[in-house]
Amino acid sequence: MQNRIRNFSIIAHIDHGKSTLADRMLQITGALTAREMREQFLDKMDLEREKGITIKLQPVRLNYKARDGQTYILNLIDTPGHVDFSYEVSRSLAACEGALLVVDASQGIEAQTLANVYMAMDLNLEIIGAVNKIDLPGAEPEVVKQEIEDVIGLDQQGIIPISAKLGIGVEEVLEAIVAKIPPPQGDEKAELRALIFDSYFDPYKGAISYIRVDSGELHKGDMIRMMYSGKDFEVTEIGVLSPFMTTVESLKAGEVGYLAAAIKNVADTKVGDTVTLASCPASQPLSGYQEVKPVVYCGIFPIDNSDFEKLRDALEKLKLNDSSLIYEPESSDALGLGFRCGFLGLLHLEIVRERLEREYDLSLMATAPSVIYRIILTDRSEETVRNPSHWPDPQRIDKVMEPYVKAIIMVPNDYVGTVMELCQDKRGSFINMEYLTPHRVMISYNLPLAEILFDFFDSLKSRTRGYASLDYEVRDYVVSDLVKLDILLNGEIVDALSSITHKDKAYFRARGLVERLRKIIPRQMYEVSIQASIGNRIIARESVKAMRKDVLAKCYGGDITRKKKLLEKQKEGKKKMKQIGHVEVPRDAFMTVMELDDGK
Amino acid sequence: MANSSAAIGIYIHIPFCLHKCEYCDFYSLPITDAEVLENYTRSIIRELEHRAESIKNPITTVFLGGGTPSLLKPQQVERILAAVFAGYKISGELEISLETNPATVNLQNIKDLKSVGVNRLSIGVQSFNDNELKALGRMHGGLEARMTLRDVVRAGFNNYNIDLIYGLPNQTLASWQDTLNSAIEFNPQHISAYLLQLDDSTPMAQKVKTGTISLLDDEAEASLYYTALEFLAEQGFHHYEISNFSRPGYECRHNLLYWQAREYLGIGCGAVSYINGQRHLNQAGVNKYIDNCRTGRPLGIEILETMTPRQMAADAIILGLRLSEGIKFKEFKDRFGFDIMGEHRDVITNCQDKGLLQMDKESFFLTKKAYFLSNQVFNQFIV
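So the protein sequences, as listed, match chains A and B. Add 5 to the 1-based position in the first sequence for this note's numbering, that's all there is to it. Add 7 to the 1-based position in the second sequence for this note's numbering, that's all there is to it.
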């Protein structure tokens with residue numbers, strides 16, 4: 006049985022054609038009828054399909070009749086293609102014996118792809134290379150093959166030129182999967198160990214875990230134990246995804262499928278945990294488990310304060326589906342009651358916020374994201390700050406440490422100068438530079454995570470006309486000269502607008518912020534003064550003059566309807582405002598602290 | 008809410024001008040020939056006859072607006088008015104207003120208009136400054152404006168309005184004061200002073216967009232406005248609506264109907280009516296209008312809004328607050344059946360705190376400062 010199983014994942018950069026290739030595989034193997042087929046079939050969330058990005062494909066089991074006449078079970082276990090989710094990538098890869106590397110024939114390898122390939126190599130996965138989109142006019146499959154050989158060390162002879170869109174080469178890929186990727190080796194007779202590589206919440210069945218059985222055998226009705234959380238559950242359903250859920254009686258070593266066990270919270274089925282039998286537990290869990298820790302925090306508040314409970318409810322429900330989401334109640338003088346939420350990265354933040362608004366019909370404000378600072382106080386104690394408004398009194402601070410990342414940027418060599426300039430500007434320190442090919446360069450920098458959170462990626466893209474790709478991982482904490490920058494409206498500090506910034510950049514940032522706020526805060530009944538301060542020192546100021554005119558000079562029988570529409574619009578506009586003291590602030594203002602480009 | 012005993016006004020739209028002004032967004036066409044005017048007059052009369060049976064309310068005002076209604080011959084105006092008298096119940100002495108533009112009428116016309124029953128004129132002077140008039144695309148200069156006003160006085164009109172516009176490109180406090188002074192010389196009973204507010208569709212708005220001309224900033228516009236307020240008060244004018252000033256007792260009764268959210272009947276191409284809680288727009292397109300009237304086909308009517316009692320009450324607040332007398336608590340309750348303070352206390356006190364509304368025992372009303380910021384009050388009462 007195991008001999009005819011192949012477990013693999015696809016490693017590809019966004020837009021390099023992963024979803025299309027998966028669609029084609031579904032078609033060729035007959036997993037879907039023409040009627041069932043739709044584009045990006047395995048992209049589960051509307052959000053993914055809408056943005057044309059894949060956060061993660063749903064796993065799928067394909068029955069493939071190979072040229073040797075045998076039918077193989079190919080389990081496609083996808084990895085998320087975004088740096089925010091690199092731990093999940095590692096767990097998905099850990100569930101496979103091989104990986105299919107897909108590279109766009111005109112773009113070449115991108116930084117995140119490389120990071121994921123290295124991870125796969127560390128896990129001893131067999132790598133199969135494919136160069137996709139060879140049908141496009143700009144395709145240079147030979148150049149890209151050479152690049153893959155040079156950078157990753159795959160023999161270019163084995164790299165398959167394909168066009169997922171047209172179906173060219175896809176069968177060759179399937180054949181290579183059968184021929185090159187080793188079958189799983191687990192002992193069916195040993196104690197059960199199954200790796201959870203993903204899970205989600207189903208309102209009817211409870212948490213559903215996607216698992217790869219490493220050894221032993223799992224049956225419906227078994228009492229299972231989650232080895233890290235230590236909790237026991239009775240399996241109510243097991244099955245495979247082909248691609249629709251199909252129940253089976255058992256899953257044996259080497260197989261991939263799902264399990265449901267009336268688990269009420271997806272946090273009890275953590276990615277990376279090992280499932281074993283309660284009656285006869287394995288002595289050691291599978292290795293590599295980590296508690297996922299958020300790196301970015303921001304405050305999320307309902308525009309309408311009375312929606313606080315609704316927001317709490319929505320977060321609870323969302324967390325059922327997303328165990329990496331962390332939140333705790335937060336109270337802001339300016340914004341009222343809300344939650345400080347922790348995320349794996351900015352994309353994760355954006356997805357959560359958008360899902361909250363969309364799926365739970367909430368109108369939200371988010372404050373600028375913040376990293377986690379470690380502060381050593383003069384009394385030698387240490388404080389962890391996730392919220393700029395909790396920054397201690399500077400008098401009490403001995404030193405401040407902020408997280409640094411190692412960033413890898415891949416870029417055509419023409420752009421090396423501008424990329425280095427950007428990195429310097431973002432307080433980066435150069436590590437090294439390597440030519441991947443005569444035209445492509447890999448640059449590494451140590452950079453403060455906080456700088457990357459703001460507009461680094463956008464700046465990088467615009468400076469390199471979209472050619473640069475970025476990957477980073479959080480490394481360690483470094484002592485930095487950081488200060489808290491406050492914003493005052495009419496003399497009152499607005500806690501939700503406070504941010505942490507490097508001292509050398511504080512003045513510049515302050516100027517940019519007050520100016521931006523002046524532009525977005527509409528005129529009001531009274532003049533609004535906008536100030537930026539560090540401690541008690543005001544370092545920048547602007548003001549929004551009092552409103553002097555808001556009138557409909559003419560309003561007669563023929564205009565009334567039209568003029569009322571204007572007033573209605575104004576009323577609608579007010580809903581997008583948040584009243585802070587006597588000042589009405591557009592809700593977007595709280596994000597502008599983030600969007601501010603201090604490079605310009 | 009139809010109340011067949013309440014007096015209503017008739018608005019008659021005359022959508023013709025010698026020339027379309029740069030800032031104008033009303034429905035009007037450059038005049039073609041006498042035949043069209045005659046056909047249009049007949050159509051108006053037909054429509055008046057036709058609509059008469061559905062209107063039980065007595066008529067208290069007639070307003071011929073445009074366009075330039077003074078392009079009609081006095082004799083045509085007479086026939087139109089005759090149709091009103093013949094078909095409708097009349098309440099007391101009618102106020103019959105007619106809009107006219109300088110240089111489109113002479114002394115004889117004005118005398119004739121008076122003799123056919125027009126008892127109030129509104130003259131679209133806009134400014135006495137030639138450059139400003141040119142920028143507006145007006146056909147007349149300051150001199151023509153003066154001549155027409157002199158004729159109006161000579162013809163014996165003792166109730167007429169001068170329309171003025173402020174906030175013109177390059178306008179200064181001094182030139183605005185000059186215009187105000189000039190207007191006062193003719194001793195009008197009524198002055199309307201409008202801020203230039205351009206609809207996107209107008210040629211002038213396009214010029215602003217492309218930067219050919221630029222409008223004044225809010226501060227400058229506000230100071231022009233408050234200059235007029237102060238000056239006209241000194242001259243004994245009562246500031247009775249955001250943009251309107253009159254000698255006591257000479258408020259425009261027809262326009263008051265709008266601001267009191269009373270019903271009115273709109274006759275003519277593109278005119279709006281407000282009847283039985285509905286606002287509707289009359290047949291657009293002069294030719295279609297004339298055709299349908301002639302052949303007796305029903306006019307194409309577009310319903311603009313159908314209002315609930317609450318919306319009608321909101322209209323009454325939004326429009327009523329335009330008037331300096333504001334909203335009277337008791338009158339409002341009698342009319343709409345609920346207590347305005349019970350319903351809107353928060354909004355009203357909030358506006359009081361901001362210095363936008365003032366209150367006494369009987370009523371609440373805009374403060375002087377609030378006139379030029381009145382949307383900030385109105386938009387809170389929108390339902």
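Hints are not guaranteed to be accurate.
Stated by the list, open to error - Rough simulated footprint, nothing fancy, chain A against chain B, three-plus residues with beta-carbon under 8 Å:
hint: 1; stretch: 126-138
hint: 2; stretch: 221-230
hint: 3; stretch: 324-336
It is worth saying that the hints were derived from the structure and are not from the lab. Glycine included, each C-beta is placed from N, C-alpha and C at the ideal position.
Item checked: Outcome, coverage hint (the stretch 221-230 of chain B, chain A; C-beta under 8 Å; three residues) -> holds (count 4)
Check: Taking a Cβ-to-Cβ distance below 8 Å as contact, does the stretch 126-138 of chain B have at least three residues touching chain A?
Finding: Contact hint for the stretch 126-138 of chain B vs chain A: violated, 0 residues under 8 Å.
Notebook entry, point to check: With a cut-off of 8 Å between beta carbons, are at least three residues of the stretch 324-336 of chain B near chain A?
Noted result: holds (count 3)
The earlier numbered hint that this structure contradicts is number 1, and it is the only one.
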